[in-house]
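Asks: The primary structure of each chain is shown beneath.
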Amino acid sequence: MELVISHINYWVAILLMMIGFYALIARGNLVKTIVGLNIFQASVFLLYITFGKVSGGTAPILQKNTELYSNPLPHVLILTAIVVGVATTSLGLALVVRIYESYGTIEEDEIAELDSKEED
Amino acid sequence: MSIEIYIDLILVIFLAITALAVIYVRNLFAVAMLSGIYSLLMASIFVVLDAVDVAFTEASVGAGISTVLMLGVLAITGNREKISYKSSLLPLLIVIGTGSLLVYGTWDLPMFGDPYAPVHMHVAPEYISNTYKHTGMPNIVTAVLASYRGYDTLGEVGVIFTAGVGVLLLLSRKKMNKHTNAKNKLEDKS
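Chains as they are written, first to last, in our numbering: chain G, 1 to 120; chain V, 1 to 190.
Pulled out of the complex, with its shape left as it was, chain G reads as follows (with noise of 0.2 Å):
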């Protein structure tokens, strides 16, 4: 039980990583793709920012009587990749608007069978 408790954020965000991964790898809806990339990105979110944790710490803000912070360097990558993902998510969806814009469609196969038409 108790190896459950201490690992469980461990795997979870690799069943979340996994998750993303599948819907990534799996599924011919371009939105969805995109979504499983977030699902990816944020498990992986979710590894440093355990890493991070104390128990019996307190958020890395300096006060009084306090002595035991919360690793503060994991919270900071983190912060500057979830502004990062935010950016390639919009660059993906504007994509995903182009490709709809020249194909009608956003499912790969569909996409991937008007392309051989016109090699025809």
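Please keep in mind that the hints were generated in silico from the structure rather than gathered at the bench. Any given hint could be a false lead.
Pairs of lysine to any residue, SDA-like flavour, derived with a Cα cap of 25 Å [said to hold, decoys possible]: (1) K64(G) <-> A21(V); (2) K64(G) <-> T142(V); (3) K64(G) <-> I128(V); (4) K117(G) <-> K82(V); (5) K82(V) <-> S116(G); (6) K133(V) <-> D152(V); (7) K64(G) <-> E126(V); (8) K86(V) <-> I23(V); (9) K86(V) <-> I111(G); (10) K86(V) <-> G72(V); (11) K133(V) <-> V52(V); (12) K64(G) <-> S129(V); (13) K86(V) <-> A112(G); (14) K117(G) <-> S87(V); (15) K82(V) <-> A94(G); (16) K86(V) <-> S116(G); (17) K86(V) <-> K64(G); (18) K82(V) <-> F21(G); (19) K86(V) <-> Y100(G); (20) K82(V) <-> Y24(V); (21) K82(V) <-> D109(G); (22) K133(V) <-> N65(G); (23) K86(V) <-> L114(G); (24) K64(G) <-> S2(V); (25) K82(V) <-> L24(G).
Covered by chain V, per the in silico footprint, the following chain G stretches (three or more residues, Cβ under 8 Å) [as the list claims (entries may be wrong)]: (26) 12-25; (27) 43-50; (28) 54-63; (29) 87-101.
Covered by chain V, according to a simulated footprint, are these stretches of chain G (three or more residues, beta-carbon under 8 Å) [stated by the list, open to error]: (30) 2-9; (31) 28-39; (32) 67-81; (33) 105-116.
Ideal Cβ positions, reconstructed from N, Cα and C, are used throughout, including at glycine.
The hints should help you fit chain V onto chain G, whose structure is shown.
Replies: Frame of chain G; chain V shown alone:
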């Protein structure tokens, strides 16, 4: 064992259920809403794990802006996912294989919340003890982000600027084409 580990446990189970639902649901509007819920749950977990600044950002950027962007895209592209008939066996095998390798890797990781984990030993104590002396800011995360690592944050602004320019170029191409078509017609007439 403190109460926060149990709150964390419940929230991560919700998180896993939400992520599984994203895979199964075919209505893309529901998928966008579920991804908003996912981000909000993630923000709640960050609060439990003492990362309050990260939780703010995740709640506003992940649950707010991303969802709005996705809804904007769905308004253009329509919200039904086609039922696909291609086999999902190979992706499933790849995912299970990778996942079990990663779980095998977690055996060496430190216990959750262990104050003597290697990650807490080296650089972090110096930041915690010196930040107020150096910068005068009580919030260490803000101090590292904007003061010690200010140039990195400048680089981040560069990344966002590039993404913004990319989005503008991608979305303005069609109008530009229309414009050139109209221009060509005018030239043909004259």
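Asks: Compare the structure with each hint and give your call.
Replies: Here is what the structure says about each hint:
1. About 44 Å separates the Cα atoms of K64(G) and A21(V), which puts this hinted pair outside 25 Å; it is violated.
2. Restraint check for K64(G) and T142(V): the C-alpha separation of about 18 Å stays at or below 25 Å, so the hint holds.
3. A hinted pair counts as satisfied when its Cα atoms are at most 25 Å apart, and K64(G) with I128(V) qualifies at roughly 13 Å.
4. Pair hint K117(G) plus K82(V) holds up; C-alpha atoms about 20 Å apart against a cutoff of 25 Å.
5. Among the hinted pairs, K82(V) with S116(G) is consistent with the structure: their alpha-carbon atoms are about 20 Å apart, no more than 25 Å.
6. Among the hinted pairs, K133(V) with D152(V) is consistent with the structure: their alpha-carbon atoms are about 22 Å apart, no more than 25 Å.
7. For the given pair, K64(G) sits about 18 Å from E126(V) by alpha-carbon distance, which is consistent with the 25 Å threshold.
8. For the hint linking K86(V) to I23(V), the alpha-carbon distance of about 15 Å falls within 25 Å, and the restraint holds.
9. Simply put, K86(V) and I111(G) have alpha-carbon atoms about 15 Å apart, close enough for the 25 Å limit, and the pair holds.
10. Using a Cα cut-off of 25 Å, the hinted pair K86(V) and G72(V) is violated, with the two alpha carbons roughly 29 Å apart.
11. With a C-alpha separation of about 22 Å, the suggested pair K133(V) and V52(V) falls inside the 25 Å cut-off, and the hint holds.
12. Taking the CA atoms of K64(G) and S129(V), the gap is near 13 Å; set against the 25 Å cutoff, the hint holds.
13. With a C-alpha separation of about 14 Å, the suggested pair K86(V) and A112(G) falls inside the 25 Å cut-off, and the hint holds.
14. Under the criterion of a C-alpha separation no larger than 25 Å, the hint pairing K117(G) with S87(V) is consistent with the structure, at around 23 Å.
15. Between K82(V) and A94(G) the alpha-carbon distance is near 21 Å, which keeps this suggested pair within the 25 Å criterion.
16. Straight-line distance between C-alpha atoms of K86(V) and S116(G) comes to about 18 Å, which keeps the hinted pair within the 25 Å bound.
17. Between K86(V) and K64(G) the alpha-carbon distance is near 61 Å, which puts this suggested pair outside the 25 Å criterion.
18. A distance of roughly 20 Å separates the Cα atoms of K82(V) and F21(G); the hinted pair therefore holds under the 25 Å criterion.
19. Between the alpha carbons of K86(V) and Y100(G) the distance comes to roughly 22 Å, so the proposed pair stays at or under 25 Å and holds.
20. Among the hinted pairs, K82(V) with Y24(V) is consistent with the structure: their alpha-carbon atoms are about 12 Å apart, no more than 25 Å.
21. At roughly 10 Å between alpha-carbon atoms, K82(V) and D109(G) fall within 25 Å of each other, so this suggested pair holds.
22. Simply put, K133(V) and N65(G) have alpha-carbon atoms about 17 Å apart, close enough for the 25 Å limit, and the pair holds.
23. Of the supplied pair hints, the one linking K86(V) and L114(G) holds, its CA atoms being roughly 18 Å apart against a limit of 25 Å.
24. Straight-line distance between C-alpha atoms of K64(G) and S2(V) comes to about 22 Å, which keeps the hinted pair within the 25 Å bound.
25. Simply put, K82(V) and L24(G) have alpha-carbon atoms about 16 Å apart, close enough for the 25 Å limit, and the pair holds.
26. Against chain V, the region 12-25 of chain G contributes 12 residues with a C-beta closer than 8 Å to a partner C-beta. That satisfies the three-residue criterion, and the hint holds.
27. Closer than 8 Å: that is the beta-carbon criterion, and the region 43-50 of chain G has 4 residues meeting it against chain V, so the requirement of 3 holds.
28. Coverage of the region 54-63 of chain G by chain V holds [criterion: at least 3 residues with CB-CB distance below 8 Å; count 10].
29. A count of 13 residues in the region 87-101 of chain G with a Cβ less than 8 Å from any Cβ of chain V is obtained; the coverage claim is therefore met, three being the minimum.
30. Coverage of a stretch by a chain is defined here by at least three residues with a beta carbon nearer than 8 Å to that chain's beta carbons; for the region 2-9 of chain G and chain V the count is 5, and the condition holds.
31. Counting residues of the region 28-39 of chain G whose CB lies closer than 8 Å to any CB of chain V gives 9, so the stated coverage by that chain holds, three being the minimum.
32. Here the region 67-81 of chain G counts 12 residues with a CB under 8 Å from a CB of chain V, which clears the bar of 3, and the coverage holds.
33. Under the rule that three or more residues need a Cβ within less than 8 Å of chain V, the assignment of the region 105-116 of chain G holds, with 4 such residues.
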